[in-house]
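Protein chains in written order, with our numbering: chain A, 1 to 295; chain B, 296 to 613.
It is worth saying that the hints were derived from the structure and are not from the lab. Fair warning: this is a prediction, and the values are worked out from it, not measured in the lab. Hints are not guaranteed to be accurate.
[Claimed, not checked] In the EDC-like style, the derived pairs of lysine to aspartate or glutamate whose C-alpha atoms are separated by at most 16 Å in a straight line are:
1. A:203 - A:227
2. A:8 - B:501
3. A:14 - B:497
4. B:354 - B:375
5. A:203 - A:193
6. B:405 - B:313
7. B:303 - B:313
8. B:601 - B:388
9. A:191 - B:310
10. B:443 - A:193
11. A:8 - B:504
12. A:191 - B:504
[Stated by the list, open to error] Computed list of chain B residues with no C-beta within reach of chain A, every gap over 10 Å:
13. 312
14. 364
15. 575
[Unchecked claim] Listing some non-contacts, in silico: residues in chain A with all C-beta distances to chain B over 10 Å:
16. 28
17. 113
18. 127
19. 132
20. 142
21. 146
22. 193
23. 197
24. 198
25. 227
26. 236
27. 237
Note that the Cβ used here is the ideal one computed from N, Cα and C, for glycine as well.
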Amino acid sequence: MTPLKFRKQPISVKIIYVAFFVAFLIFAAVYIYPLLWAFINSLKSMKEYATDSLAMPSTWRWRHYFEVFTEFQAVPLSGGEPFRYMDMLFNSLWILVVKVFVNVASSMLLAYALARFRFPGSKFLYAMVIFANTIPIIGAGPAAYRLAMNLGMVNNPMTIWLMWAGGFDFAFIVLYGYFKGVSPSYSESAKIDGANNWTIFIKVILPQVTPCLAAIAITQATGVWNDYSTPMIYMRDYPNLAYGMYLFKDSSFLVKDSMPIYFAAAVISCMPVIILYTCSQNLILNNMTTGGLKG
Amino acid sequence: MKLFDNIKKNYSRLERRDFLFAYLIVLFPVLQFLIFWFYVNISSIGLAFQDATGGLTFKNFEMVWKGFTDKDMLGVNLLDSLGRSFLLWIIGEGVLFPITLITTYVLTKKIAGHYVFRIIYYVPGLMGSIIWTLLIKEMVGYSGPITKLLVGMNVNLPTAVTKNGLLRSEDTAFVTLILVRSVMGVVGNNAVLTGAYTRVPDELFESAELDGAGFFTQMFGIAIPCIWSTICTLLTFALCSVFTCDYNVWLFTDGTGGYGTSTIGFQLYNLTYRLSTGIGSTGYGYPAALGVVLTVMTLPVVLVGKHLLEKASENVEV
Chain A
1 MTPLKFRKQP
11 ISVKIIYVAF
21 FVAFLIFAAV
31 YIYPLLWAFI
41 NSLKSMKEYA
51 TDSLAMPSTW
61 RWRHYFEVFT
71 EFQAVPLSGG
81 EPFRYMDMLF
91 NSLWILVVKV
101 FVNVASSMLL
111 AYALARFRFP
121 GSKFLYAMVI
131 FANTIPIIGA
141 GPAAYRLAMN
151 LGMVNNPMTI
161 WLMWAGGFDF
171 AFIVLYGYFK
181 GVSPSYSESA
191 KIDGANNWTI
201 FIKVILPQVT
211 PCLAAIAITQ
221 ATGVWNDYST
231 PMIYMRDYPN
241 LAYGMYLFKD
251 SSFLVKDSMP
261 IYFAAAVISC
271 MPVIILYTCS
281 QNLILNNMTT
291 GGLKG
Chain B
296 MKLFDNIKKN
306 YSRLERRDFL
316 FAYLIVLFPV
326 LQFLIFWFYV
336 NISSIGLAFQ
346 DATGGLTFKN
356 FEMVWKGFTD
366 KDMLGVNLLD
376 SLGRSFLLWI
386 IGEGVLFPIT
396 LITTYVLTKK
406 IAGHYVFRII
416 YYVPGLMGSI
426 IWTLLIKEMV
436 GYSGPITKLL
446 VGMNVNLPTA
456 VTKNGLLRSE
466 DTAFVTLILV
476 RSVMGVVGNN
486 AVLTGAYTRV
496 PDELFESAEL
506 DGAGFFTQMF
516 GIAIPCIWST
526 ICTLLTFALC
536 SVFTCDYNVW
546 LFTDGTGGYG
556 TSTIGFQLYN
566 LTYRLSTGIG
576 STGYGYPAAL
586 GVVLTVMTLP
596 VVLVGKHLLE
606 KASENVEV
């Protein structure tokens, strides 16, 4: 979209934009304040925090950021050995990689097949995806948990990924539109040159949709990194950082300066996704779009 | 076999090779869907009619009815929860979505500082509900800056608030949740909407500007009609979540949903969580029956809403 040429605008538009700018500034302050507040309190002693959470620290205790890795512990609900920050960081990383990969791969394969091939049953499958996404079937959580229990998937990293690999989701909708937008002439030319479907998919199509795949993966990664509810039910023995932050509030008796260290852990935990988003903002915004739903 | 014969008869070898490839790549997603969506949902309906021994019963639905008319097995009035869910949803989709539509448009026009603003607006989403919620909880606690600010401004707060914070009083807990939802919800769908806005051809705005179209005419007359199908898609998705979002009630209330904050989404998560821990579990039947009842209640709303949105999408001229 054409950027605004502020100087050339009539005074009425200038006023509107200045009003928006001021409103954006206010909202930015509201959004950034909790993070700033957490950062300042992470550098205080527990006593300072309890006395006045608004004051600046008398001594800036940067050591709290190192102590996160040595002191931060979260006791599992079932009791037993507390989880360390590094354990949870490792769990966060593997859950993120596995969950994002299986989910995006599954959506991608389905979207490619339905967008580019007209095979018997393809219309029905597309209708099913739309149905699953637009018709609310509520309260299946207990049944899903029972199935996972019966299949031995709860607390089992080797099999739980099967549950996360659903391709009938919003990523499908975005990818379907993207695949539809890729000109078929490339794959037709490759076909004439003798390439088979796998070669076309891997060497011709995938490079063209990589930006969209990356955008979806990054968007999903932020959600997975911050997801506490799935590990809380399905992976209780493998808590990620988000779930660990939740558990920590019941484990704070284990740690001196517990709240400041907790705030330091919060700041450290959200930094990877903030940095990732900052670096990939344009990629996400230019590649995440969806059209209408017909089905 | 007849299907294979038909395929063999009606399609060329090349087409059959394409079909084989397509079937191979959809095999895993379809199997996953059949097991973890189709089977799960069918089994959920079955569980609603089963007692603990697997026998046929309607007791679960009686308990749901009791939940709506009095209190459910966890001591919650479901009608109240439904009302709260709906109110939070209306604020999200009826108030915040239009605001997001406008703010995203202005940011797409590359207003001064747009890059930084975009990052900052994502901060709550990027921090994640757990960290954001726990920070807000500390801030609205009895010694938190927000409670202190209200006390400092001589706002007449209930004693429970000054003693325990804004989330521990019937008078203020849900209002606090609404305010938090309002502040956090403005950024929702920003990425998808920006993607859609950036695809609107520049020529349309340039010619409109030459014709003397002002800011609002360009936004409501060009930009929004051009991305109308995206808007309809997002609203259709939003319709499905009318009663299922828990709006972080679990985190705000330490899993209790107390002080008049329980929503239906919270209640559904709470029931599943209790099953997983085995502590205070109601069994599978009651949550499944609640799900069936809610689905039946939501389905007509969603179908009518979807139909209207599709009609609206067809009627928009660009």
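Hints and how they fare:
At roughly 34 Å between alpha-carbon atoms, residue 203 (chain A) and residue 227 (chain A) are farther apart than 16 Å, so this suggested pair is violated. For the hint linking residue 8 (chain A) to residue 501 (chain B), the alpha-carbon distance of about 13 Å falls within 16 Å, and the restraint holds. Of the supplied pair hints, the one linking residue 14 (chain A) and residue 497 (chain B) is violated, its CA atoms being roughly 20 Å apart against a limit of 16 Å. Distance hint between residue 354 (chain B) and residue 375 (chain B) is unfulfilled; the C-alpha atoms sit about 22 Å from each other, more than 16 Å.
A C-alpha spacing of about 13 Å is found between residue 203 (chain A) and residue 193 (chain A), which places the hinted pair at or below 16 Å, so the restraint holds. At most 16 Å may separate the alpha-carbon atoms for a hinted pair to count; residue 405 (chain B) and residue 313 (chain B) exceed this at roughly 45 Å. Taken as a hint, the residue 303 (chain B) and residue 313 (chain B) pair is honoured in the structure, with Cα atoms around 13 Å apart against an allowance of 16 Å. For the given pair, residue 601 (chain B) sits about 14 Å from residue 388 (chain B) by alpha-carbon distance, which is consistent with the 16 Å threshold.
For the suggested pair residue 191 (chain A) and residue 310 (chain B), the alpha carbons sit about 12 Å apart, so the restraint of at most 16 Å is met. Taking the CA atoms of residue 443 (chain B) and residue 193 (chain A), the gap is near 73 Å; set against the 16 Å cutoff, the hint is violated. Pair hint residue 8 (chain A) plus residue 504 (chain B) holds up; C-alpha atoms about 11 Å apart against a cutoff of 16 Å. Between residue 191 (chain A) and residue 504 (chain B) the alpha-carbon distance is near 46 Å, which puts this suggested pair outside the 16 Å criterion.
Not every beta carbon of chain A lies more than 10 Å from that of residue 312 (chain B), the smallest distance being close to 7 Å; the non-interface claim is violated. Every C-beta of chain A lies more than 10 Å from that of residue 364 (chain B), the closest at about 19 Å, which supports listing it as non-interface. The beta carbon of residue 575 (chain B) is kept farther than 10 Å from every beta carbon of chain A, the shortest such distance being approximately 13 Å. Against the 10 Å criterion, residue 28 (chain A) falls within the reach of chain B, whose nearest CB is about 4 Å from its own CB.
Once the 10 Å rule is applied to beta carbons, residue 113 (chain A) is inconsistent with being away from chain B; the minimum gap is 4 Å. With a least beta-carbon separation of about 13 Å from chain B, residue 127 (chain A) lies farther than 10 Å from that chain, consistent with its non-interface assignment. At roughly 6 Å from the closest C-beta of chain B, the C-beta of residue 132 (chain A) falls inside 10 Å, breaking its exclusion from the interface. Residue-level check failed: residue 142 (chain A) sits 5 Å from the nearest beta carbon of chain B, not beyond 10 Å.
Distance to chain B contradicts residue 146 (chain A) as a non-interface residue, since its nearest Cβ pair spans about 6 Å, not more than 10 Å. Against chain B, the non-interface label of residue 193 (chain A) holds: every CB pair exceeds 10 Å, the least being about 15 Å. Taking the minimum C-beta to C-beta distance to chain B, about 4 Å, the non-interface status of residue 197 (chain A) is violated against the 10 Å cut. A beta-carbon of chain B comes within 10 Å of the beta-carbon of residue 198 (chain A); the shortest separation is about 7 Å.
Look at residue 227 (chain A): its CB is around 8 Å from the nearest CB on chain B, not clear of 10 Å, so calling it non-interface is violated. Separation of residue 236 (chain A) from chain B is inadequate, the least Cβ-Cβ distance of about 8 Å not exceeding the 10 Å criterion. The beta carbon of residue 237 (chain A) sits about 12 Å from the closest Cβ of chain B, which is more than 10 Å, so the claim that it is off the interface holds.
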